[in-house]
Amino acid sequence: MQDPLFYLTMAVAGLSGLVIVAVTALRGWNGWLELKRAELARGAGEAAPPSAATRIEVADLKERIRKLEAIAADVDL
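Residue 203 in the numbering used here sits at position 41 of the sequence shown, and the numbers go up by one each step.
To be clear, the hints were calculated from the coordinates, so they are not data collected in a lab.
Mixed in with the good hints, there may be bad ones.
[As the list claims (entries may be wrong)] List time: in silico SDA-like cross-link candidates among lysine to any residue, alpha-carbon distance up to 20 angstroms: (1) Lys224 <-> Pro211; (2) Lys198 <-> Arg217; (3) Lys198 <-> Thr186; (4) Lys229 <-> Arg217; (5) Lys224 <-> Pro212; (6) Lys224 <-> Asp236; (7) Lys229 <-> Pro212; (8) Lys198 <-> Ala187; (9) Lys198 <-> Ile182; (10) Lys224 <-> Ala234; (11) Lys198 <-> Val181; (12) Lys229 <-> Ser213; (13) Lys198 <-> Ala214; (14) Lys229 <-> Glu219.
With the sequences and hints as input, model every part of the structure.
What follows is the structure in structure tokens.
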């Protein structure tokens, strides 16, 4: 096992594998960044629809305002 060619071959194979993994990871990272840029560009033009919890909260606030205005106007509900 003292053959220098064996160690050189293993080192080249290991380095090649590392380069392949690094290039693949960088391409994936760049793809993810492009996806996020596209989402940001698309989101800048239009607002996201409100969630159900937000709509319920807004409806609750509107109901409270209506009740407070009725109290202020001396109307019994």
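Hints and how they fare:
Pair hint Lys224 plus Pro211 holds up; C-alpha atoms about 19 angstroms apart against a cutoff of 20 angstroms. Proposed proximity of Lys198 and Arg217 is contradicted: the alpha carbons are some 27 angstroms apart, above 20 angstroms. Between Lys198 and Thr186 the CA atoms are separated by roughly 19 angstroms; this keeps the pair inside 20 angstroms, and the hint holds. At roughly 18 angstroms between alpha-carbon atoms, Lys229 and Arg217 fall within 20 angstroms of each other, so this suggested pair holds.
The hinted pair formed by Lys224 and Pro212 meets the criterion: a straight-line CA distance of about 16 angstroms does not exceed 20 angstroms. The straight-line distance between the Cα atoms of Lys224 and Asp236 is roughly 18 angstroms, inside the 20 angstroms bound, and the hint therefore holds. Of the pairs offered as hints, the one joining Lys229 and Pro212 is violated, with about 24 angstroms between alpha carbons and a cut-off of 20 angstroms exceeded. The straight-line distance between the Cα atoms of Lys198 and Ala187 is roughly 17 angstroms, inside the 20 angstroms bound, and the hint therefore holds.
Of the pairs offered as hints, the one joining Lys198 and Ile182 is violated, with about 25 angstroms between alpha carbons and a cut-off of 20 angstroms exceeded. For a cut-off of 20 angstroms, the pair hint linking Lys224 to Ala234 stands: about 15 angstroms separates their Cα positions. Between Lys198 and Val181, the direct Cα distance comes to roughly 26 angstroms. Violation of the 20 angstroms bound is thereby established for this hinted pair. This hinted pair does not check out: Lys229 and Ser213 have alpha carbons roughly 25 angstroms apart, beyond 20 angstroms.
Note on Lys198 and Ala214: the hinted pairing is violated, with a Cα-Cα distance of about 25 angstroms set against a maximum of 20 angstroms. As the CA atoms of Lys229 and Glu219 are separated by approximately 15 angstroms, the hinted pair is consistent with the 20 angstroms bound.
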